[in-house]
Amino acid sequence: MTATVIEPRSMKDLPAEHLLAPGTAMCAGCGGLEVVKQVYDALGENVVFVNAAGCMTLLSIYPFTPFRSSWIFTAMACAPAGAQGVRDALDVLIARKKLPESEDLKVVVLTGDGSANGMGLSATSGCMDRKLDFYYLCYDNEGYGNTGQQSSMSTPHGARTSTSKGGYPGYKKDLFSVWAAHEPAYLATLIGSEPLDVAKKVARAQQVKGPKMFIALAPCPTGWSYEAQDTVELGRLAVKTGVWPLKEYVDGEVRHTKKPKQRAPVDEYLRRQGRFSHLFRPRRDEAALAEIQANVDAYWADAP
Amino acid sequence: MSLHASVNPRHTRLLTGNKAAAWGARLADVDYIPAFPITPQTEIIETLSAWTDAGEMPARLTMLESEHSMITAAGTAAAAGARTFTATSSQGLLYGLEMLYALAGWRVPLVLVNVSRGLSAPVTLEPDHNDVLAARDSGFLQIHCSTCQEVLDSVLIAYRLSEDRRVRLPVIVNLDGFYLSFTREPVTVPEPEMVRRFLPTFDLEAAHLRASDPQSLAVSVLGGSSYSYFRYEVQLAANRALDVFEEAASDFAVETGRFHEPVHAYRMEDAEYAFFMMGSFATKAMHAVNRLREDGLKVGLIRPRLIRPLPKAHLRRLAARVKGIAVVDQNLSPGLGGVLYSELAGALYDLPTRPMLVSYVGGLGGRDIKEGELARMIDEVKLAVDDGHPPPPRLLYSEEELRGIRKLQTIANRPRPPEVKA
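Chains A and B are the protein sequences, given in the same order.
Note that this note's numbering has the first sequence beginning at 1, numbered continuously upward.
Note that this note's numbering has the second sequence beginning at 1001, numbered continuously upward.
Bound-form chain A, shown alone (with noise of 0.2 Å):
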C-alpha cells in the first residue's frame, strides 16, 4: 500500500498528540516505546501490528491495549512470517472482492534486536526476497532487554550484560547491511531522540511498496543501567559520537541523513552507561576504548 505522503519539514508538523495511549509497562525512560509512539503517528492508526516475543511483548497485556489499532503477537522466530500471512490475506481477500478496500491496513513487524538478528533473521530474509509490502521496527536495545539483559547479537563490543560480566568479547552485527544486501525498497536507521528525522523516514518509506525497514537504537536504562532521564540525553550522544549514524539506503545507495561535522569522542556515550563503566573504573581501559574509537573513526573514514 503507498500513499503520498507529505514529509513534515520541521518539528512544528509532528503532531501534538500520540496515537499510542500512556500508561502502558515498559520501563521508564524506555527508548524502545519513544521511537514506537514516533513511528506509529507517521504511519496512521490504520495498521496491525505483528509482534515477536520481546519487551513490547507487554504492551498489550489482556485486556489492555494502548494501541488503537490491531496487534497480533506470534513468537520469537516468526513475526515477519505473520506479516507475510496478513498481507497476503488482505490483498488476496480484496482481489477477490471479499473485503472493500477501505479494510486494508499497513502490516508493521515489531521486534527487538534479539529476535531480528537471531532466530527471526530467516523469517525476515523471506519476507525480503519476496518483497513483501510490509514495515519493520527493530527496536535495538542491544541486549535480550525483556529477560534481564542477556548479550545478543546485536550487544556492542566491551558492553557488560547479564551473560558477559566483564564486557562482551564480540560485536554488534551490521544488521543494516545484512538487511541492505537484500536489496529492500526502504531501510533506515532511527533514533528516538531525533524525531524529525523518524518522521522524515517513515514518510519517505510511505511511497515505496514493498519491504521497508528500520533500526531504531533504543537507549535502555535497565539494560544499559543510566538514569531514566537520561534517555533522550543519551541517544544524542550516540549520534553525536558517531556511534549510532543515521542513515537510509534507497535504490542501491547508502545515504546518510544526519552527519555529525565535529564528531564527539566516545567516551562522552560510553561512560555516561553502567554496562561500560568497567572501562572507566577503577582504571581507564586504554586499550579497549581506543578500539572502539577507532572502530567508529574507520567506519566514519568510508561513509559515503
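Since the hints were derived computationally from the structure, they do not count as laboratory data.
Be aware that one or more of the hints could be misleading.
Pulled from the structure, derived: some chain A residues nowhere near chain B, Cβ distances all over 12 Å [what the hints assert, rightly or not]:
| # | residue |
| --- | --- |
| 1 | D104 |
| 2 | G170 |
| 3 | E268 |
| 4 | A287 |
Subject to a maximum C-alpha distance of 16 Å in a straight line, what follows is the list of computed EDC-like cross-link-like pairs (lysine to aspartate or glutamate) [stated by the list, open to error]:
| # | chain 1 | residue 1 | chain 2 | residue 2 |
| --- | --- | --- | --- | --- |
| 5 | A | K131 | A | E183 |
| 6 | A | K131 | B | E1065 |
| 7 | A | K97 | B | D1029 |
Derived, one-sided and incomplete: chain A residues facing chain B with beta-carbon distance under 7 Å [stated by the list, open to error]:
| # | residue |
| --- | --- |
| 8 | V5 |
| 9 | F73 |
| 10 | L105 |
All values reported here derive from a predicted model rather than from experimental measurement.
Built from N, CA and C at the ideal position, the CB exists for glycine as well.
Add chain B to chain A, keeping to what the hints say.
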C-alpha cells in the same frame, strides 16, 4: 460403510492421497495457501501451485522459507479472514509445533493436512504416527484417514468443523505417507455446487484483523487465572467439536451418500474380538477381519477417525461389547509404549466390565504389518482373555528382520552390541 463407497463413474478419478487432499482444498475454494515442500507431502503443494498458476483456483499460494513461518502465516491469514489451507509432514510439523499451540490459542479456523512420516533419527521418508501425535495436545483437532476418498471428504468436513462458531479451532487431516500419499485409488470428486451447499463461505464477520474493527490478538495475560480461562475455552470448544463433527458428517452423507462417523466400526455387530487401529494400515486389519471371519472367528475393527476430540462415548459403546482388543500403535512413546493404547485404556477405565487390551507397536517408519501378524494378535488376545492375563506390550519385529539388520551391521563393520534379553 465399505472400504470404497459406491462411486458415480462420471466423477470418479484415480487419485493419489496427495491429489485428493489438493482437490479438497480446491473444492473448499480456499483463499490462501502458505506452502513449504517436504516429502511425502510435496505433491499437494505442487498440484495446488499448478492450479493457482493456471488460474483454475483463485487462491494465492506463497512459498515460505520454513514450516514455522508457513504455519504462522496460515494463522495470521486466517485471523485476517482468509480461508486457509496448508500441508506438511513429519519434521515440518515438528519444526512448526510451537505455532500449532499458538494458532489453537488464537482460535483461528484452518485446515492443515499432515502426511505422516517417521521422525528423525534415524532419517526415513516412510510413515508412522509419531509426527501427528506430537501435535496431539496442541489444540488442533485431528481427523485420521484410511483411504484417498476419505482424505478429500475429510478436508471438506474439516472446514465445516473448524469454522463452526461453536468450535473455531484449527484442524489437522492426517494421511499416511506412501501408503496413501502416493497410492492411487478411485476417488469420487464432489460437484462444486454440492460443496457450496455443504460448506458455506467463510464467515468474515468472525475475522479478527480488519481496519474497521481493531483487535488485539494473542496478547499476554497476567497470572494463572486468565491463562487457565482461555485454555479451558479451548477444551470446551474441542469437546463441542464432537457433536459438530457428527452434524457435518450427517450433512455430508446427505449430499454424497458417504457417512464418516467419528469412529469407524467394521463388522463389529457381533464381534467378540477387535483390532484398534487408525490410518491406512487399518485397511490391512479390515482384510484380516474378513479372513479371520472365514475361519469362524468373530472379529471386527474399531478405527477412530477423530483423535481430538477423542470420541470416548463411541469407543466405550463399541469396546464394551467385545472380550478383547488388539491395540496396534504405529507410534512409540519410549518408556511408555503405544500412545493409542493409553488413550483407549483411559477411555474405557470407568466401564463396569472392560475388554482385555493387548498392546502392539508396529509399522514404524513404514514397516509392514503382515496379515499373519494380525491373525497372531487375535490368537494372543483370545489366550489373554481365556487366562485373564495380558501379555507384555509387543514390539513387532520378526527373526528374519533381525537377521537382516545383523547383516547390515556386519557391512557397517561395527562390533555387535551385546544381546538384550527382551
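Okay, the hints, checked on the actual structure:
no.: 1; hint: D104; verdict: 6 Å, violated
no.: 2; hint: G170; verdict: 26 Å, holds
no.: 3; hint: E268; verdict: 38 Å, holds
no.: 4; hint: A287; verdict: 42 Å, holds
no.: 5; hint: K131/A <-> E183/A; verdict: 9 Å, holds
no.: 6; hint: K131/A <-> E1065/B; verdict: 13 Å, holds
no.: 7; hint: K97/A <-> D1029/B; verdict: 14 Å, holds
no.: 8; hint: V5; verdict: 17 Å, violated
no.: 9; hint: F73; verdict: 4 Å, holds
no.: 10; hint: L105; verdict: 5 Å, holds
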